[in-house]
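Q: Top line first, the protein sequences correspond to chains A and B.
Oh and the first sequence: position 153 is 153 in the working numbering, straight run, nothing missing.
Oh and the second sequence: position 258 is 258 in the working numbering, straight run, nothing missing.
Hints in this document: simulated from the structure, not taken from any laboratory.
Glycine included, every Cβ here is placed at the ideal spot set by N, Cα and C.
One or more hints might be untrue.
Stated by the list, open to error - Covered stretches of chain B, as calculated for chain A (at least 3 residues, CB under 8 Å): (1) 116-125; (2) 209-222; (3) 236-250.
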Amino acid sequence: MRRYLARRGAAFVVTLFLVSVLVFVVIRVLPGDPALLIMGTEGSPEAADRLRQAMGLDRPLALQYGRWLGDALRGDLGRSIQYDVPVAGLIVSRLPVTLPLTLMAAALMVLAALPVGLYAATHHRRAGDYVGMVVSQLGVSVPQFWSGLLLILLFSVHLGWVRAGGFEGWGDGVWPGVRSLLLPAVALGFFQAAVLARATRSAVLDVLREDYVRTARAKGLTGGRVLVKHALANALIPVVTVAGLQLGQLLAGSIVLESVFALPGLGRLALGAIAARDLPVVQGVTLFVAATIVLVNFLVDLAYAYLDPRIRYD
Amino acid sequence: MTSRPWRHATFVLGGAITAALLATAGLSLVYTPADPLAMSIGARLQGPSGVHPFGTDQFGRDILSRVMTGAVTSIAVGVIAVGIGAVAGVLLGLASGWLGGWLDEAAMRLVDAVQGFPAILSALLFTAVFSPGIVVSMVAIGIAFVPAFARLARGGVLELRAREFVVAARALGARDRRLLFRHVLPNTLAPLIVQATTSFPVAILAEAALAYLGLGTQPPNPSWGLMLREAQNFLGMNPWFAVFPGGAIALTVLGLNLLGDGLRDLLDPKAA
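Isolated chain A, as found in the complex:
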């Protein structure tokens, strides 16, 4: 186990390093001169020079990268041009929207997907299975932002139950915040639930065909016990993998849903920064989100080893 951890840990560090290189290359190297990009055509050459100096763009690229990475590792992602505050602070100030939205969607996804997947697998080729699979097939086909729009159409335009968007914050307790994130979380979670339900179904079906399940049944265990102790425990390995990979998708999807529901999260921060040519913010947000996704994938790897002893002793 220790060797596995060391190997995966080293790979994780290398991957994070490559993520930072990719972000740096796109923002600092591809545009040629970021200073001109930020100033547009209006800036005087002197002002552009000053900006270059302030951003350190007059130094060799490797040096610029080293300094940027060093700062980033200390939690300093530079200053926003638009707001003139540290980028890291901006990111942190948006997390109370993006993070709960992603986690609520993840919870909805798991709560909806596992029962449907399990039911479909245990009722293989019966009506329930087909209904479950048709619904999930529809679920994976509906764009998240469209289901968001339809939810707005139904619950706020027609029924008038909720506001069409905006975020009420966590200041007045949990409920107002949860309420403003509920519809986007449903739109986000439903799509991914459909993906996970299909993965759960096929994982459980695979396990149910195994000899040890037949043995468990033969020795007289009840159906429920076989399902939970033997089938689900083993089916969990692929299910956790899929669910973990989906967390990254949920995080990316929340960027879209924030736009649909006018939520002040990371996605809207990045979109606003693009409109304002605020490169340090775009750089900071993309680095943060990509690094988070890579971190989640790494944790999935570890969970995998924990759930499947065969990997640990490899």
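Knowing the structure of chain A, use the given hints to seat chain B on it.
A: Below, chain B without anything else, positioned relative to chain A:
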């Protein structure tokens, strides 16, 4: 396993929807019920009617005609994005698996890193330095597909490189390129084709999302995602405006998903 009428039906239904999509896109190149760009302020935001079966948008443009032409954008972005992901991913995976050693290790870490960039994130990054547009969409979506193709191709190489027919071809003097492209690649093609088919609907969803966010296809080019972006401002006045383009996306993706599922069962009986 016995006959699988359900799976067969999946394939046929998916194929039919996909064929209808292609036909619509093709037809829209030569004929639409109305000019998709012609504005008519008098006929703004109308619901479905005989003249405008899908209604009209905020400029009085015919939504049916715009949905039809939007199909072309979706297909084009889908095909090119999957093409970018497949070519880049397969080349990377083949090289990685074939060369092995630290190069393989480095390539796989790069693939892990790229996995941290879903299409939306790459598109955010690219639009910060380039102007948004259909090319950014294609590249950003294509990049997001690289890891899956690279892993599949690499897996194929690792599985096949020690097999007798490859070793025999090598003993006969075949060089690396011939071994890879004549012997290894053709034998890993089935999972790659399945991957391409299942990536296609994902690309269409991503194109719509990017256009919706303003990071992808730009007006006046028709795009389903772009239409939904516009429709959102008029939800109260003409809900149909949001229903039809979204329905077009959902139906298209559904058809392609069904087709992909069916194809997987046909090409890979083991997975069925």
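Q: Against this structure, judge whether each hint is valid.
A: Now for the hints, and whether the structure bears them out:
1. 116-125: Since 8 is at least three, the answer is holds.
2. 209-222: It holds, with 5 qualifying residues against the three required.
3. 236-250: The restraint on the region 236-250 of chain B holds, since 7 of its residues have a Cβ under 8 Å from chain A and three suffice.
Consistency note: the structure conflicts with none of the earlier hints.
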